[in-house]
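Colleague: Spelled out from the first residue to the last, the chains are:
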Amino acid sequence: MTMATATPPRRVRLSGALPALTGLGTLVAFFVILEILIRSGGLNRFIVPPPSEIIASFPRIIVEEQVLSRFVMTLTECLTAGVMLTVFGVAGGVLMHRFKLLQQACETWVAALASAPVVLCYPLFLVIYGRNAWTIIMMGFVSALPPVILKTLEGISGTRKVLVNVGRSFNLTPTQQFWKILFPAALPTIFVGIRLGLIFALINVVGVEFLINFGGLGQLINELAERYDLAGTYAAICFVVLVSVMFFMVLEKAERWLTRAE
Amino acid sequence: MTAPSPNAANADILVVDDVVVRFETQEGPVTAVDHVSFGVRQGEFLSVIGPSGCGKSTLFNVIGGLIGHTSGVVSVGGETIDSPHKSIGMVFQEESTFPWRSVTDNVAFPLELIGMPKAQRIERARHFIALVGLDGFENRYPNELSGGMRQRVSLARTLASEPKILLMDEPFAALDEQTRLLLGDKVLQIQQQLKQTTLLITHNITEAVQMSDRILVMTYRPGKVKRIVDIDLPRPRTSEIVGSEAFGRYVAQIWADLREEASRGMRDEEEHTLHHTGGAS
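The listed protein sequences derive, respectively, from chains A and B. Okay, so the first sequence: first residue is 1 according to the working numbering, each after it adds one. Okay, so the second sequence: first residue is 1001 according to the working numbering, each after it adds one.
Hints may be right or wrong, so weigh each one.
Straight line, CA to CA, 30 Å or less: simulated DSBU-like cross-link-like pairs of lysine-lysine [said to hold, decoys possible]: (1) B:K1195 with B:K1226; (2) A:K161 with A:K100; (3) B:K1086 with A:K161; (4) A:K161 with B:K1224; (5) B:K1118 with A:K161; (6) B:K1164 with B:K1118; (7) B:K1195 with B:K1118; (8) B:K1118 with A:K253; (9) A:K161 with B:K1164; (10) B:K1224 with B:K1195; (11) B:K1226 with B:K1164; (12) B:K1086 with B:K1224; (13) B:K1186 with B:K1164; (14) B:K1086 with B:K1164; (15) B:K1086 with A:K253; (16) B:K1186 with B:K1118; (17) B:K1086 with B:K1186; (18) B:K1224 with B:K1164.
Rather than coming from a laboratory, the hints here were simulated on the basis of the structure.
Kindly produce the complete structure, drawing on both the sequences and the hints.
Modeller: Written out as structure tokens, the structure is:
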């Protein structure tokens, strides 16, 4: 009797790199098609500059426009808003879980605030904080707070009853019940809220920088657009995307580390 | 078979005396547990069996102190209890390991609560992990374990708190029959080794006969004690005993009692469904 030996199919070995290569390939193909369309006159180059011009403008943007220091400024504003919304958002969610009256009174308002265009309140923040980084940080913070509060509340309220009962059976105090069971059980959902909050914060930080013409990359985009430097404007937008990517890579690592057992 | 004692003897470590549990529902008051009395002796393995809806889990929650009772007394070693008590360790029907903790950290949880130094509690946790046969899995997380292994982690965690009474609510209900039998062997072995007083809530007759010294049969709603059956089978027992003639006789006796109650429960549920759907079509 002979036995067939199984060899792993080629497909399986490729699977690790294939999605990343496909993603990169799609992006390159998109830029190539865009370049061809612009050069052939299919797209107006005064609306969308060719990708090759955007790439060529990178050294100029880096050297002449101090893009790196602006990049650090936007990143710092985002991180400050991120730390604040994590602390206050999680605390808000916990308080709303702890005090049912507060939850019943405020949950709808917080949910409504999540979908409100808070960015339109920037003149008020300008009056309160002046034309400085705090206006930008506070706008990012306030607009990103609702998802963190709501997801924290959802995570804690959604803790499986049996885990709460395990805690009760071991006679845990309310503080122990929170730190040893409710909070760790809610952590994956809280992270979803923080991730959403940071997206909101980043959008608002760059948006307000643009609107008040102050700070980092948002201001740079504003200035370049005013000068009608389209290639430079798009290059600066690429740096905003870079901030976003870096932000989420760090967050993803932290999330994986904290919820490694889930 | 023996009739239920109206009042448990003083020698019993756990006494449930004339306990009534009544709930208010939208359809009026419902009596889940009706004047239930029994005692559990030191080192004894007692099972409570009954059809779905007989108040078994309510009784589990009352003894564990998780819910209150309308009247009657539950006491451990003479001390009346109406909230979770350190002498009672609970193992739940649902999967209850902490997914964010490793096996060792799960089992060490009650030791952490009493402030035992880390090195000592890890050593102690490893002892209970070995007891439930999970050596080699100390650093794994629950999501890397099977359902049966997770239940053993829960059991080890409860045993680590060294309770006087181990209270288990259908701990193997979610497992397949073979795993259930093998885990039953493991629980029996541990119970005999530790001389652990154990109260098992179950609806599985085979499981109850395999493990118990006595079985308390409950009626369908309202849950009352119908009969207490002494299981006079030799120990140590394993799942091999399920094939013996004596075992079969006990199963048949208990099923005869339960069948009537289960049928009543089924009829009641059918009527309830008909009532709420506006009659048969």
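Colleague: Next step is simple, just say for each hint if it's right about the structure.
Modeller: Now for the hints, and whether the structure bears them out:
Between K1195 of chain B and K1226 of chain B the CA atoms are separated by roughly 28 Å; this keeps the pair inside 30 Å, and the hint holds. Between K161 of chain A and K100 of chain A, the direct Cα distance comes to roughly 18 Å. Compliance with the 30 Å bound is thereby established for this hinted pair. Straight-line distance between C-alpha atoms of K1086 of chain B and K161 of chain A comes to about 20 Å, which keeps the hinted pair within the 30 Å bound. Our distance criterion of 30 Å between C-alpha atoms is met by K161 of chain A and K1224 of chain B, whose separation comes to about 27 Å.
Restraint check: the Cα-Cα separation between K1118 of chain B and K161 of chain A comes to about 28 Å, which is no more than 30 Å; the hinted pair holds. A hinted pair counts as satisfied when its Cα atoms are at most 30 Å apart, and K1164 of chain B with K1118 of chain B qualifies at roughly 24 Å. In summary, the hint linking K1195 of chain B to K1118 of chain B is supported, as the alpha carbons are separated by about 27 Å, within the 30 Å threshold. For a cut-off of 30 Å, the pair hint linking K1118 of chain B to K253 of chain A stands: about 28 Å separates their Cα positions.
For the proposed pair K161 of chain A and K1164 of chain B, the alpha carbon gap of about 25 Å is at most 30 Å, so the pair holds. For the proposed pair K1224 of chain B and K1195 of chain B, the alpha carbon gap of about 28 Å is at most 30 Å, so the pair holds. Between K1226 of chain B and K1164 of chain B, the direct Cα distance comes to roughly 27 Å. Compliance with the 30 Å bound is thereby established for this hinted pair. Restraint check for K1086 of chain B and K1224 of chain B: the C-alpha separation of about 27 Å stays at or below 30 Å, so the hint holds.
Restraint check: the Cα-Cα separation between K1186 of chain B and K1164 of chain B comes to about 19 Å, which is no more than 30 Å; the hinted pair holds. Between K1086 of chain B and K1164 of chain B the CA atoms are separated by roughly 8 Å; this keeps the pair inside 30 Å, and the hint holds. This hinted pair does not check out: K1086 of chain B and K253 of chain A have alpha carbons roughly 40 Å apart, beyond 30 Å. Distance check on the hinted pair: K1186 of chain B and K1118 of chain B sit about 28 Å apart at the alpha-carbon level, within 30 Å; holds.
A distance of roughly 24 Å separates the Cα atoms of K1086 of chain B and K1186 of chain B; the hinted pair therefore holds under the 30 Å criterion. For the suggested pair K1224 of chain B and K1164 of chain B, the alpha carbons sit about 26 Å apart, so the restraint of at most 30 Å is met.
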